[in-house]
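Student: Here is how the chains run, residue by residue.
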Amino acid sequence: MTSLRIGVDSGGTFTDVCLLDETTGQFSVWKLSSTPQDPSEAIANGAREAVERFGGDDANVSFFGHGTTVATNALIQGRGARAGLITNDGFRDLLDLGRQTRPHLYDLQTDKPIPLIPRDRRLEVSERLLYDGTVEREPSEDEVRTMARKLRDMDVEAAAVCFLYSFVSPAHEVMVARILEEELDGAFVTASHQVCPEFREFERLSTTVVNAFLGPVMKGYLSRLTPRLKDAGITVQPHITQSNGGTITFETASTLPVRTVLSGPSTGVVGALETGRIVGVEDIITFDMGGTSTDVSLIQNARPETTTEAIVHGYPIKVPMIDIHTVGAGGGSIAYVDSGGFLKVGPRSAGAAPGPICYGLGNDEPTVTDANVVMQILNPKELLGGRMPIDRDPAFRAIEKLGEKLGLSALDTAAGIIRVVTANMARAIRLISVQRGHDPREYCLMPFGGGGPVHAGRLARELGMRRILVPRNPGILCAMGLLLTDLRHDLSVTRKLPVDATSVPAIRDAMRALRRDADTWFEKENVGSDRRRLVASADMRYAGQNYELNVPVPDLDDDAALLDGLTVNFNEAYSRLYDYTAPDEAIEIVTFRVEAYGLVEKPQFTENANAGADASAAAIDSREIYMPESSTFETAHIFDRDRLQTGNRIEGPAVIEQMDSTTFILPGQTATVDAYHNIVIEEGDA
Amino acid sequence: MPDETRIETATVDPVTVEVIGNAIASIADEMGETLIRASYSTNIKERRDCSTVIFDATGRTLYQAEHIPIHLGSLMGVVSAILERHDVSEIAEGDLFIGNDAYTGGGTHLPDIVAASPIFYEGALVGWATNLAHHADFVDRGHAHIYQEGLRIPPIRLQRGGEMQQDVLDLVLLNCQVPKERQADLRAQIAANRFGVQRFQAMCERYGVPLLTRVFDELLDYAERRMRAGIATIPDGTYSFEDQFECDELEEILTFRVRIEVKGDEIELDFANNPPQVRAGLNMVETALLATVYYAVKTVTDPDAPPNAGLFRPIKATAEPGSILNAVSPAAVNGRTNTCQRVVDVVHGALAQAVPDRIIAACNGAVTSSTFSGVNPRTGNFYVYLETLGGGFGARATKDGLDGVQVHITNTSNLPVEGLESEYPLRVERYELERDSGGDGKWRGGLGFRRQIRSLHDECRVSMRGTRARSAPWGLFGGHDGGSYHVESDDGVAPFKLSAGLLMEGQSIAIVTPGSGGYGPPEERDPELVQRDLREDRISPDVARDVYGLAVED
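As given, the protein sequences belong to chains A and B, one line each in that order. In terms of this note's numbering, the first sequence opens at residue 66 and continues consecutively. In terms of this note's numbering, the second sequence opens at residue 79 and continues consecutively.
Derived from the structure by calculation, the hints contain no laboratory data. Being a predicted model, the structure only gives us computed values, none of them experimental. Any given hint might turn out to be false.
[Claimed, not checked] In silico DSS-like cross-links for lysine-lysine, where the CA-CA straight-line distance does not exceed 30 angstroms: (1) Lys284(A) to Lys589(A); (2) Lys341(B) to Lys394(B); (3) Lys341(B) to Lys409(A); (4) Lys341(B) to Lys470(A); (5) Lys477(B) to Lys177(A).
[To be verified] Calculated Cβ distances over 10 angstroms to all of chain A for the following chain B residues: (6) Asp218; (7) Glu241; (8) His564; (9) Arg623.
[As the list claims (entries may be wrong)] Residues from chain A shown here face chain B by an in silico Cβ test under 10 angstroms; the list is partial: (10) Lys177; (11) Glu222; (12) Phe232; (13) Phe264; (14) Asn489; (15) Arg606; (16) Gln610.
Where a beta carbon is used, it is the ideal one built from N, C-alpha and C, also for glycine.
Start from the sequences and build out the full structure, keeping to the hints where you can.
Tutor: Shown next, in the form of structure tokens:
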């Protein structure tokens, strides 16, 4: 009997289904058009078709993982639920006031994001805790019930509750949530201490409100998808990816949909992590370049850097997520000359439709892809394995016209577009590396998405990175990542404690409680004891600061050793970031965290035999490529990725074409095909 | 030699300029993050009342990070103040200067302490990494002249060759009311500069100083071109405006005036005939006026132009020395930001005649601030809590204003209630929008808000500063004025004198910040928007009925 793992990445245009046969280790990919009205249709159909096509009659699906943009799209398009809020007397306007800053320093026409719950549906009750959890005013059951009924009369589909200091003492929120559930039949109810039990009331409120806004949407979506999957013969408990790069069950996703808002890009990072793990590369900067934007992230010691806060479409969201930085730089990014006479690229994009000029679908503003086609780095006749005919001439004319404003030739303008977009992407990578105390030169660049491998060579040079690893299938790394993702649940508890002997019992209590909660989750998710893994950490700072550094908590029985370990870990992290420590200042712990992983069995990839350095069997063509360094066209060999064998070596300049991407190797760089058919590009000694 | 000259004057290709421009911007941005994350005082770590700027060797602004526009006023003068006072040959690697004085230090008020580090590469001075942090200190002082306002620091070395000048530090700290915070925040300022110096040196290593020097020129020329292109879109002409300025520190109401001449791609702002400097902490020094004017013009011409010295070139602003807008020693300057906001109001008021679609109705026109200080019974230590409050942001030609934000020359964050109450013996009782404070109009002005704070101990010393109490943020083209600033105190609170007073345990005061003006006549407002504002209680039933003519049930 064939045992299959399925990953489905549902995007705006295509739904990618990735299958892994657990017995043979064979990967298969099935692509179909998405059904934007109800994405679950294409997902279930795609899964069924793929199983029929690749699995045979007796196929059994052992894992189903799914990455979705349902939550992201609902947030961006403002198509969430009709929600209401209950909060402290005197504070319903916190959602309007936010942190009191305006969105743009100089532009008088910029707007603040519209609050997801309008003011009339934000109700106040008399309740107040103090900073240490002392009860100042107990909420009255009668008043809460009256407010809940008011919300019911307003026909809300979802209700949120957020009180000051609920992260210290959640009892009052628990009570309000209970009454809301009693009074609002079938509505989605969510409380801030469950969504984000952390300090800073506005960010906690914002996250909770986003969760309420998305709750009914996610619930509706999953309730359509679940029976469809059953009909398609998938009986295993399905999983959905969350923004931290782990998966959760549908049940958890429908309680905490806010955790899936950045799930799309995070699966790509997991795909990169696993691709690296197979070949023993643990320090990676990921570079995912699509049509409108580029996502970058950093993986150190096989662990993606994470963050606990991001602003998504103007709304602060505080949940654990992979620290992915996005810039508006993609293949469709439009180049123009601004009022000061500088060449700019993006963030405006021609997207996938009409797309670049060379697609001939109606756009007449030059894009990054047009520049690559003009320089002939990209195939000037066809792309996507022949599915997309390319017309270079109109792209050339448009870039020539742009160049007239700069006093540059068409070719130098095209090269300039590439330099500017490379600089934009380099700035994004500096932000997640140098700014966080990591030297990019110590990392391997892993490009994926349609555009990553085209630009990786120049980007690596810009950053002084000497090694690039191009995965076998750069276009479907997200769907592949789904198959390799572990189950993950993040737990945290805020307990402000000094790092000294008096705190040891409280430290141990906090860690014990988190471990207990993790065990409960393991049980719920049916994770066997041999597949459980816990990573414990603490957010620490000098007493007096308000920004913490996340450092590992050593698992030590000896009290003094535990405190020493915490101090050493903090000092190391602090000094790396700020280049000094203040030994005379007290250190404190603010939040304890535990990441609970349910490890999934990773497929065993088989090594391919070395076929020797000669790549000539895969050489299919040659063409002239414009090199701005020498201001001339140089001849480059063109290779077919599908025909390359392990051990093959290619000297730049060269281009490797495959259906979903193009890899460009610069003069001075050498590409080698590794045992898993990844391409490793390294700088020569020059 | 002729060859070298040619190389020196050759322009660098625009792409290289842009790449290096981005690199400089990211250095300044990263310095700002370092400063915020490593600091101790709530005013910096949560309210982000700080800024960073990279200068070239001669003190020209290469990039101002996007924090607080008025801080440019304190930063732009500092390098020239250092160079005036110190022989450049004696400035060495590892030196770090601090300064705050408005008359000798290039500053605009004493709490803003600037830290400036020279950047050396291969033995030559190539630039300056600078940052400014607003230290919430020097409280409960007089403001008749600057000697009363706090410790004046000319530009002097806090570090020499990387070594802390302990004598200097001791002197500074002794003059501060919360020395522990000052020391930690200064440490964060030092860390931010150290970071900036290292990154700038790495950039020199990569590109070489000769190329960078030419790029700096190009970056400034570029900003200048964009600014000129923006100014050229304003119709030529002379535009004048006047507005009232009052403040709770001042008994009289002053009138501010401007006369703006736009000719081609240049703009000249003449602030003649403004009131003489006052014996109150409301005076602006010249750099504060310039920073304010650059801000105001940029919003109208090109909000995205890179914030460097090139954009100053087509802008000329003059005010008579000794006037409140160009004060001379020893005028007091502590609360100059309220004055700055009114300068923006008059500049925008004048330009509304020229570009009515780009100008917005008057914003709240204030930096409403309050300081709470006393001995914290939980720790026994003296504390100072400073907050500045936003208000309404004026209505625009095609849309409503923004409710409850910081406007114009400042953009500090608030302090989370949960941060405030755990650090200080104070409690926030209400933090809510003020109904009807947005000027009515076809487009409604943004609302001001109320913030009520209760003292949890005796002898809590409070001082407040605000404007637009006796005047109102004006509407445009038929739009109504917005609501005014006022303070509400509990029964039993002794009357405040010149906006300063005492709270005893359990007593509270509430500050209500000004709203902002409306745009266009209210009769033209879409009735659905009136309905929405009524439903959301942003306007009262009376206003809906009397101003907008909506049939409202009682």
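Student: If a hint holds in the structure, say so; if it does not, say that too.
Tutor: Status of the hints after comparison with the structure:
1. With a CA separation close to 19 angstroms, the supplied pair Lys284(A) and Lys589(A) stays within the 30 angstroms bound.
2. Between the alpha carbons of Lys341(B) and Lys394(B) the distance comes to roughly 12 angstroms, so the proposed pair stays at or under 30 angstroms and holds.
3. A threshold of 30 angstroms between alpha carbons decides the hint, and for Lys341(B) with Lys409(A) the separation of about 29 angstroms falls inside it, so the pair holds.
4. Restraint check: the Cα-Cα separation between Lys341(B) and Lys470(A) comes to about 26 angstroms, which is no more than 30 angstroms; the hinted pair holds.
5. The suggested pairing of Lys477(B) with Lys177(A) holds, with an alpha-carbon distance near 12 angstroms, which does not exceed 30 angstroms.
6. Non-interface call for Asp218(B) relative to chain A: holds, since the shortest CB-CB distance, roughly 23 angstroms, exceeds 10 angstroms.
7. Distance check for Glu241(B) against chain A: the nearest CB is about 14 angstroms away, which clears 10 angstroms, and the non-interface claim stands.
8. For His564(B), the condition that its CB be more than 10 angstroms from all CB atoms of chain A holds, with the nearest at approximately 18 angstroms.
9. With a least beta-carbon separation of about 18 angstroms from chain A, Arg623(B) lies farther than 10 angstroms from that chain, consistent with its non-interface assignment.
10. Hint status for Lys177(A): holds, given a least beta-carbon distance of 6 angstroms to chain B, under 10 angstroms.
11. Hint status for Glu222(A) relative to chain B: violated, with the closest Cβ pair at about 18 angstroms, above 10 angstroms.
12. The interface hint given for Phe232(A) is met, as the beta carbon of that residue sits about 8 angstroms from the closest beta carbon of chain B, less than 10 angstroms.
13. With a cut of 10 angstroms, the hint placing Phe264(A) at the interface with chain B holds, because the nearest CB-to-CB distance is about 6 angstroms.
14. Proximity of Asn489(A) to chain B holds as hinted, the smallest CB-CB distance being about 7 angstroms (cut-off 10 angstroms).
15. Here the hint on Arg606(A) is kept, as its CB sits about 9 angstroms from the closest CB of chain B, short of 10 angstroms.
16. At its closest, the beta carbon of Gln610(A) sits 6 angstroms from a beta carbon of chain B; the interface hint therefore holds under the 10 angstroms criterion.
Checked against the numbered hints above, the structure breaks only hint 11 and satisfies the rest.
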